[in-house]
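Asks: Letter by letter, the chains look like this.
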Amino acid sequence: MISNTGKRVILTVICLIAGTVVSAIVAGAAPVEKVPFPRPDTHRGNWVENHGLDAQTNFLDAGPEGRTCLVCHEKNDCISCHATRPPRDHTNYWRNQGHGMAAGANRERCSLCHRQDYCVRCHNETAPRSHTANWIDRHCQWCHLEGGAPGAPCGVCHRRSPH
Amino acid sequence: MNKLVNTYDRPAVLLLAIVLIAGMGTVIPASFASAATDDDSGPVVSGYLSLRSVVRSAETDSQEVFRDQDLYGELRLDVTRVRSGRFEVHFLGTVRDDLDGKSDVSTFDPLEDIGNTHTSDVMAQVYEAHLDINDLFTGLTQVRLGRQDSTRDQQVFFDGAALDLRPARFLSFTLYGGAPVNFFEVDGKEGRDTVAGGGIDIAAGQSTGISVDYLAIHDDRTYFDDRSLTDRLWSFKVWQRFSRNVKATAKLRYQNGESRDLNVRLLGVLPEQGAEIGATYIRQFHDQTEQTNALSPFYDVLGTSHPYQSIDVRMRKLFGERYAVDLGYFQRELLKSAESGTFNREYARASAGFQVNGFLFKQLSLLVTGERWDSEEQGFSSAGADLTYAYGRSGKAGSLSFGTYYSLFKYDESLQEERDRVRTYYLKGRAALATQLSLTAAYELERSIDRYQTAKLGVRYDF
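Chain order of the listed sequences is A and B.
Going by this note's numbering, the letters in the first sequence line up with residues 23 to 185, in that order.
Going by this note's numbering, the letters in the second sequence line up with residues 311 to 773, in that order.
If you are wondering where the hints come from, they were derived from the structure by calculation, not from laboratory data.
You may find that some hints are simply not true.
[To be verified] In silico EDC-like cross-links for lysine to aspartate or glutamate, where the CA-CA straight-line distance does not exceed 16 Å:
no., chain 1, residue 1, chain 2, residue 2
1, B, Lys766, B, Glu754
2, B, Lys720, B, Asp684
3, B, Lys720, B, Glu754
4, B, Lys738, B, Glu754
5, A, Lys97, B, Asp474
6, B, Lys738, B, Asp696
7, B, Lys646, B, Glu656
8, B, Lys720, B, Asp730
9, A, Lys97, B, Glu398
10, B, Lys720, B, Asp696
11, A, Lys97, B, Glu374
12, B, Lys646, B, Glu681
13, B, Lys627, A, Asp76
14, B, Lys646, B, Asp696
15, B, Lys627, A, Asp63
[To be verified] Short derived list, chain A residues pointing at chain B, Cβ under 8 Å:
no., residue
16, Pro60
17, His95
18, Lys97
19, Asp111
20, Arg117
21, Ala125
22, Ala149
23, Asp159
Nothing here was measured: the structure is a model prediction, and the numbers come from that model.
Glycine is no exception: its CB is placed at the ideal position from the N, C-alpha and C atoms.
Put together the whole structure using the sequences plus the hints.
Replies: What follows is the structure in structure tokens.
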């Protein structure tokens, strides 16, 4: 069942796509060549996962001298990717369970894209795998005797003990 | 469960605003593109508009089936060279609509994510929307007004103003301030949060530079304890170029009168050998606890971050035009190993990647990756392979990729052993429908504790 908001958005999107197709065709054949030369050799291999050091040394930390990245990239290319393209290890399992292990190991990596409010919001407003069926009755042993699920202590979501 | 009240509903007006701007974005470029071609002083509009429909399903080990359908939109707009470079406009916004509108957050749903934490089905984020005025006066190189991201030492999104000044060739300043933007704050009320900062860059010749940054953030925390926090961060950076291809940076940060961390980086490039070597050393000096949202080490969910040091070494080597190898090693140590715990771990990580261009035939490329890290009680291993066929000039006409990714999570080996395996297979393609219009489609199957299937279909218009 699609909500009214959904229907409205679908309709808008259909119009947008139609408009986009028409304007793209009307705009003509000239392709947009933002960078008039091939990508550099450094961008080969597993560059997507390894570009951080180059970027931080040549751009972010180097003051006005080191703006190498800006020869081809816009300043907001970084945000554009870091805000919308999760890395390959961010699977469904990662979202539901695996990410805790990684966060415990290297918070620096998380902070490249996320801020604290992201964690707090999800942990306060979604329920973990254990919270199904008669959880209320089962939680005593889980919390007090077994110490919670591996890598997911109760305190991650529950700031204060309710009793 | 201590569920907190969510009053953070992004009005649908935001969505409509983005859609309207997007509509303009599809029309403006056509007229401006020709102007830019005929006359270099004309405005140049670039960016993209993408729309993507995502359908997901999950089947749990108890045979329960969940389904979800979402719509994603992104608009990136960069308008430059307006009035011969005096003005620029930059915009980046995303919108997501939960089409099926099902989001019962009181019980576990394997498909639930951050997009389901709003009472509204529509979630819109504007990451950047600013007007830049260049060279307003001599020495005032740029004024930025609107929502922006600080490009200085620490990333902070804020609504406000920033000034770049360059009174001399060797000297530049940046001043900025406004209201910080926290995209996912629980109650959606940023209160009277403020941010103010500034930085100075001094270039001592061609090989050395010094930067000093100051950042003050005030964060009204209304969702836990109504307590407000203020952090003041000083950052001192030095960069040195030892030769044309060898460069080092060192950054020391003080927060609230106490040393926070040291970050040293070294990058060496050997173009004739097709090699690059880099190393990063990080040391956190003291316990980091409750802080403002932009600076916090995720204290609210992970607790105190104990002092540690880490070294990260990476190397890449190109073998001709066809082969590329990446190797990496990372080690993290707590300064007091007795403080090791669930969210403060010591571990070592090794990673490798290998790419072959022209694998079997010219347009085919193969990328194989692997990583492994181990700590005292936990471990993670992964392996992945991607085979991509790209066609057209420089692969711009389209591509077809098939890949797989495997990961193994090991928990608490000595106490309560658990091994979770995740296998992912994907097939994705991109085809250019017109010179600036492309169609993307993808299917993904993930097998872990649950069985997930994801189908994506999208269009993207680059202008």
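Asks: Run every hint past the structure and note whether it holds.
Replies: Verification of the supplied hints:
Proposed proximity of Lys766(B) and Glu754(B) is supported: the alpha carbons are some 9 Å apart, at most 16 Å. Distance check on the hinted pair: Lys720(B) and Asp684(B) sit about 9 Å apart at the alpha-carbon level, within 16 Å; holds. Under the criterion of a C-alpha separation no larger than 16 Å, the hint pairing Lys720(B) with Glu754(B) is inconsistent with the structure, at around 24 Å. In summary, the hint linking Lys738(B) to Glu754(B) is supported, as the alpha carbons are separated by about 8 Å, within the 16 Å threshold.
With a CA separation close to 15 Å, the supplied pair Lys97(A) and Asp474(B) stays within the 16 Å bound. Proximity of Lys738(B) to Asp696(B) is assessed by CA-CA distance (about 11 Å); at most 16 Å being required, the pair is judged to hold. For a cut-off of 16 Å, the pair hint linking Lys646(B) to Glu656(B) stands: about 10 Å separates their Cα positions. Between Lys720(B) and Asp730(B) the CA atoms are separated by roughly 7 Å; this keeps the pair inside 16 Å, and the hint holds.
Using a Cα cut-off of 16 Å, the hinted pair Lys97(A) and Glu398(B) holds, with the two alpha carbons roughly 12 Å apart. For the suggested pair Lys720(B) and Asp696(B), the alpha carbons sit about 25 Å apart, so the restraint of at most 16 Å is broken. Using a Cα cut-off of 16 Å, the hinted pair Lys97(A) and Glu374(B) is violated, with the two alpha carbons roughly 45 Å apart. Restraint check for Lys646(B) and Glu681(B): not satisfied, since their Cα atoms lie roughly 27 Å apart, outside the 16 Å limit.
This hinted pair checks out: Lys627(B) and Asp76(A) have alpha carbons roughly 14 Å apart, not beyond 16 Å. Restraint check for Lys646(B) and Asp696(B): the C-alpha separation of about 41 Å exceeds 16 Å, so the hint is violated. A hinted pair counts as satisfied when its Cα atoms are at most 16 Å apart, and Lys627(B) with Asp63(A) qualifies at roughly 10 Å. Evaluation of the Pro60(A) hint against chain B yields a held restraint, the C-beta minimum of about 7 Å falling below 8 Å.
The restraint placing His95(A) at the interface with chain B is violated, with a minimum CB-CB distance near 11 Å, outside the 8 Å limit. At its closest, the beta carbon of Lys97(A) sits 6 Å from a beta carbon of chain B; the interface hint therefore holds under the 8 Å criterion. For Asp111(A), the suggested interface contact is upheld, since its CB lies about 6 Å from the closest CB of chain B, less than 8 Å. Hint status for Arg117(A) relative to chain B: holds, with the closest Cβ pair at about 6 Å, below 8 Å.
Restraint check, Ala125(A) versus chain B: the minimum CB separation of about 6 Å is within 8 Å; hint holds. At about 5 Å, the closest approach between the beta carbon of Ala149(A) and any beta carbon in chain B falls short of 8 Å, and the interface hint on this residue holds. With its C-beta approaching chain B no nearer than about 14 Å, Asp159(A) sits outside the 8 Å limit, and its interface hint is violated.
The structure is inconsistent with the numbered hints 3, 10, 11, 12, 14, 17 and 23, although it conforms to all the rest.
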